[in-house]
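Heads up: the protein sequence lines correspond to chains A and B, in order.
Numbering of the first sequence is given in this note's numbering, commencing with residue 1 and proceeding in unit increments.
Numbering of the second sequence is given in this note's numbering, commencing with residue 1001 and proceeding in unit increments.
There is no bait here: all hints are sound.
List time: in silico DSSO-like cross-link candidates among lysine-lysine, alpha-carbon distance up to 30 Å:
| no. | chain 1 | residue 1 | chain 2 | residue 2 |
| --- | --- | --- | --- | --- |
| 1 | B | LYS1642 | A | LYS121 |
| 2 | B | LYS1313 | B | LYS1218 |
| 3 | B | LYS1587 | A | LYS7 |
| 4 | B | LYS1642 | A | LYS123 |
| 5 | A | LYS123 | B | LYS1632 |
| 6 | B | LYS1723 | B | LYS1710 |
| 7 | B | LYS1654 | B | LYS1700 |
| 8 | B | LYS1587 | A | LYS121 |
| 9 | A | LYS69 | B | LYS1785 |
| 10 | B | LYS1484 | B | LYS1514 |
| 11 | B | LYS1593 | A | LYS112 |
| 12 | B | LYS1047 | B | LYS1284 |
| 13 | B | LYS1686 | A | LYS112 |
| 14 | B | LYS1594 | A | LYS112 |
| 15 | B | LYS1649 | A | LYS112 |
| 16 | A | LYS112 | B | LYS1590 |
| 17 | A | LYS112 | B | LYS1587 |
| 18 | B | LYS1632 | A | LYS112 |
| 19 | B | LYS1593 | B | LYS1737 |
| 20 | B | LYS1651 | A | LYS112 |
| 21 | A | LYS121 | B | LYS1593 |
| 22 | A | LYS112 | B | LYS1642 |
| 23 | B | LYS1491 | B | LYS1472 |
Keep in mind the hints are simulated off the structure, nothing from the lab.
Since this is a predicted model, take the numbers as computed values, not measurements.
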Amino acid sequence: MSTQNKKVLIVEDETSLRQAIFDKFEREGFQTFQGKDGEEGLNIALKEHPDIILLDIIMPQVDGLTMLKTLRKDEWGKNAQVLLLTNLNDAEYVATAMESGVFDFLVKSDWKLDDLVVRVKEKLGIV
Amino acid sequence: MFLKYFKKVRLNLTTKFVVLFLTISLVPLIIAVYISYDSSRKVLEEKAAYQLYQISDNKVYQIDKYFSEAKKAVAVLARMPSTISSMEKFNQAFQEHQTNSLEYLVIDKELRAILLYFQEASKYDDLFFISPEGNLTFSTVQKHASGINYLTDLKANPDLTAILKSTIALLETKISTFKLIKGDKIRAYITSPVSNEGKFIGVIGVQINNEGIYDVIKDYTGLGKTGEIVLVARLEDQITLVAPSRHDPEGAFETSVELGSNHGIALQKAVQREKSWGITTDYKGEKVLATWRYLPNYQWGLVVKMNADEILKTANELKDRLAVVGTILLIMIILITVLMARSVSGPIKKLTKVAATISKGNLLARARINTKDEIEELANSFNQMTDNLLKTQSRLKEKSEQLAINLGQIEIQNKELEQEKNKVSQEKDKLNAILYGIGDGVFVVDPDYKIMIFNQEAEIISGITYKEATGKRYDHVLNFISEKNGKSNGKFIREAINSGEIRETSFDTVLVKKDNEKIPVAGSAAPLKDSDGNVISCVVVFRDVSKEREIDQAKTEFVSLASHQLRTPLSTVSWYAEMLLDEDVGKINKDQKKYLQALYDANHRMVELVNALLNVSRIELGTFAIDPEPIKFLEIADSVIKEQTQQIKEKGLKIEKNYAIDLPIINADPRLLRIILQNLISNAVKYTPEKGSITIEISKKDSDILVKVKDTGYGIPKSQQSKIFNKLFRADNVLNKDCDGTGLGLYIVKSVVEQSGGKIWFESEENEGTTFFTTIPLIGMKKKKGVKVLAS
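Kindly produce the complete structure, drawing on both the sequences and the hints.
Here it is as structure tokens:
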């Protein structure tokens, strides 16, 4: 299987981080989308139906958790795959997010980008 | 009662002894005399009563015998032929010619002489014949038989009629009752049937009196000098003597006693049919012992009595004798007691005299007593005491002279002392001025924890005045508590006093002010010792650290925020460097790769530093969680060692693992355990020179799992060992060894270990190596709620 027809959505308010992840996944051949906050991310998600959403928690305006809750109310969104990106390794937020069906989370900077790609590929069944 | 009185009343010894001894000896004596007299009296009385009874029985027997013989005599008379023939003749004459006829007189003249002879011989009062029809046909008393029919004329002589009927019907000899006739004597009748050749022809009767038994009554054998026998009969309310008595020989039918009077009680009881004995008053008014009984056959009362005095003569003699003996005894007791008392009181009087002499001032007087007893001992002690008094007096005299000299010296010393006191007072004022001027709260407690000094700043901080604080236990006045759990935190003062070492407040200490406001404080307690090393007081210095706390809090929050902000750009740098190194965007040459790698490594160290700073801020804000779960200890240890493989290989270190095989699965927060092991092992790797060795030992010890990380590294200089767990501290000897480190690792490890219930310590020798020990309790890490986890 190829990454060509797989859609990845990155929702992250920090432009530099978002751009780095975006660049990495583009290079890996994914069809990559990006949103700068929860509201933009939700709109793209509901329009594009990405295979996986990489979601930051703390964001201005609509944060990650609010976006996740709204997404879960959508017919498609309730089964969407979400991987949590967090800078805070915040136990409380992570726990709440896990209850909303996040399959994993990672603390940015603890992981290499390669590791994130591997994790996503595993999840999408791309060897 | 008596003893009380005896104690109160003022008597001399002799009188007291006499009264006491008399009381002791006389009471039993009197009781004994009385008992022996009383019992002998009773015995005598009973014995006499028994004797009187016997006499009385004997008299009754004799009386009965006398009258039964009288009856027999009449029966014999009835069978005599002259009687039979006389009766035949009188019967015939009476029937045919009446008693005043010539024929009757002829027969009477013929027979009267013989019948009179019979009467007089037997001392009968009358002898008479009665025909079977009841007619009196002959009588020795009446010249002419009256012709009375005793069977039909019932009133003529009822007593006679009664026995006559019985004699005629049964043909037996009968005796009538004995009747006392007023103004006369006693009379009774005996009647006996007379038969001629089997044919009943009439009754022969005699009238008798009781003179025949006078001899019986007069027999006083066994009755001593005063005893007598009294026989009485009752006629209405008069009880009359019917026989002469010993003391009243003319008294028969003369002397009488009224029933119910207080004389002749025994006689009254006897005629009232009682049988008994007792001491009573007799008919003459004398006190007697008497037995009394009733004789129903004759309707008499029989009293046998003796004067009480005669009976009790022996007892009375005994009484007199006892009185004589008692008097002699009494005199002897008094004499002996007086002598005894004198033997005691004599020497005492002597001693008293000597004491009086001594009390007047003559200390040379001595008591000379030679009684060989306690009094002599007392006199000796007294003399000894006087000797001692003499000695003491002379010693006192010396002392008082010495004292006068000393007093002069003391006066001089007092003046010097006064000067010294003034100096000390000035010093004290100075000290107080300093103490009160100090900007920190200062108070001093004695070893009993009581506040002695309390300065102005202490008043301001605590809101408690000097007056309220001094003299009281510090823990009753100043409430130092833990900010976290509200428990008392004031023990540092107690510990300082007990250990003799300086103690500081724990970091979470707050002081509850008088108005209940809580303010954070920091302070220390320093014990003061005397020259022997005993703690004599403890100086406590404390200050309000509210401002410092606020600054520290702000700093921690700043670090947290800054670290967070730092991480974003660090991540960006890290990830782009990674992409370049991975040649995602095209090939790079060797130098490019080298520089990029350096960039990446430096960035990574920055990430680590930021993580550590974040952890520190979380520890200090208290926001990190401990979340224990069952873990495999050794697996985590191995994975931590594996992470370090590259560095270990580069330095050529030898790693020795020494794991216990029986290690149980315990509850621990894997993230925190990892932080602990990572820090300890990476430190060992970092601070051990090339070719060195590291030993990691994990074992069960008591109720803990003990982790021992031993290296052959640079070691920690002795002078800096106490600071090794301080935040941002790094030992001098490693600073110039090109080892990178944040100075936060051990601070974090210590905080984590201690908050999860374990301990951490180390042994180190510079240039020899260091061994770190840490324990995790077997019961697991303590759970702690928190919103943040620590980054590894």
